[in-house]
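A.B. asks: Kindly produce the complete structure, drawing on both the sequences and the hints.
Here the protein sequences line up with chains D and L, keeping their order.
To convert, count from 1 in the first sequence and add 4; that's the working numbering.
To convert, count from 1 in the second sequence and add 4; that's the working numbering.
It is possible that part of the hints are untrue.
Said to hold, decoys possible - Each computed SDA-like pair below joins lysine to any residue, with the alpha-carbon atoms no more than 25 Å apart:
1) L:K63 <-> D:R173
2) D:K95 <-> D:Q180
3) D:K130 <-> L:K177
Please keep in mind that the hints were generated in silico from the structure rather than gathered at the bench.
Predicted, not measured: the structure shown is a model, and the values here were computed from it.
2 protein chains.
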Amino acid sequence: MAKLQKSIDKRNALIKATIELVNNNGFHATPMSKIAKMANVSPATIYLYFENKQDLVNKTYVEVKAEYTKYAFEKFDPNMPVEAGFELIWKRIADFKLKECDNALFLAQCDNTPMIDEDSRQEGIKHLQPLLDLWERGRQEGIIKPLSDYILYAYAINPLSFLMMTEKRGAFKLDQTHLDEAYQSAWSSIKVCS
Amino acid sequence: MAKLQKSIDKRNALIKATIELVNNNGFHATPMSKIAKMANVSPATIYLYFENKQDLVNKTYVEVKAEYTKYAFEKFDPNMPVEAGFELIWKRIADFKLKECDNALFLAQCDNTPMIDEDSRQEGIKHLQPLLDLWERGRQEGIIKPLSDYILYAYAINPLSFLMMTEKRGAFKLDQTHLDEAYQSAWSSIKVCS
DNA sequence: TATGTAAAAATGAACGTTCATTCTTTTTTT
DNA sequence: AAAAAAAGAATGAACGTTCATTTTTACATA
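C.D. replies: Next up, the structure:
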């Protein structure tokens, strides 16, 4: 196996272990030694790939966020009608959360705690721009309520993260039916009433 | 000053310090030594009032949650019409978040992390029962969408917590205008379309 | 009211553990 | 055989908690 490939494998194993352990225990309760063990690597090796623990979790966040938004916008075309575009993006996001639930849960945790540096957080937000642009067009066309991006996000996107965390605690099962219901609520909350 | 009163003062100071430090640093990044210092108390003294760190944060959570729901339901009467009842409760919750924002932010953090024991979490949920009963009546009367409590909560109540956390990071200011907008979105997302 | 005293409350220092990180050595690669 | 990568053991700091001691309180007696 080529040297480079082997390095990439190790790095990926570290990122995967970080996601899984942080999901189950939180940032401060996952020691580097456990991350190393789960990735089949010596603790010292982590420091060949990342500067320190904070850097490891920041980089993990940014990379997972990039994957997430790539998936969310993959089929989206900025010329689509606003409602269809929103539905498409929303459902891709929901798909991602069902399919890659470890990754999605990790993002939800990062977005709701002071675990991540502000710089990496900003870096992650940048990737959402197509959605913000769509909302802006929706407001101009009178299809979407004239609310700030933060409020639209709070009602249209973030509730899914809350539901995932609830599911993680075992109180609730997030299946396709629930997702369809959730979509209706999301759209109702931001569309201009007809 | 009477002995008992003095004890209550210390206990309150500890709870207040816990809220402030956990809000700013998170649970695992606030050492008992700092809580003690902020409360003007020796670290050892904490253990006269609480069993350990986990007990301190659990008790803080349950007490703040009780204050919060007391305030939320203070003016509510179970015989009110569903829509008026919901608006009243929602706006009381919003008021609380504006007036007691440290307390509210602490609850938001607890509700979105694995910081709190499941027992204390359940204890906190119990206090919400009047709202769940109202929703049940709303569903029966065809006023509120036939969705599970978790989904209703995710869209009608939790977004305010998300907005508070966003505000805490400095990206956004949650004022009365934003609250009115948020209420419209909350109600739109759960009411049956007319 | 003033004083002595036992219990309660509070303290600061100390303990044992855990953890992130580094150091030195060994293994692998080229 | 030199260089790069990886390993495991070691280090030092930080933390939750406990311990031995001091301070404060409550109250009985004079």
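A.B. asks: Are the hints correct? Go through all of them and say.
C.D. replies: Results for each hint:
Simply put, L:K63 and D:R173 have alpha-carbon atoms about 20 Å apart, close enough for the 25 Å limit, and the pair holds. Restraint check for D:K95 and D:Q180: satisfied, since their Cα atoms lie roughly 10 Å apart, inside the 25 Å limit. This hinted pair checks out: D:K130 and L:K177 have alpha carbons roughly 20 Å apart, not beyond 25 Å.
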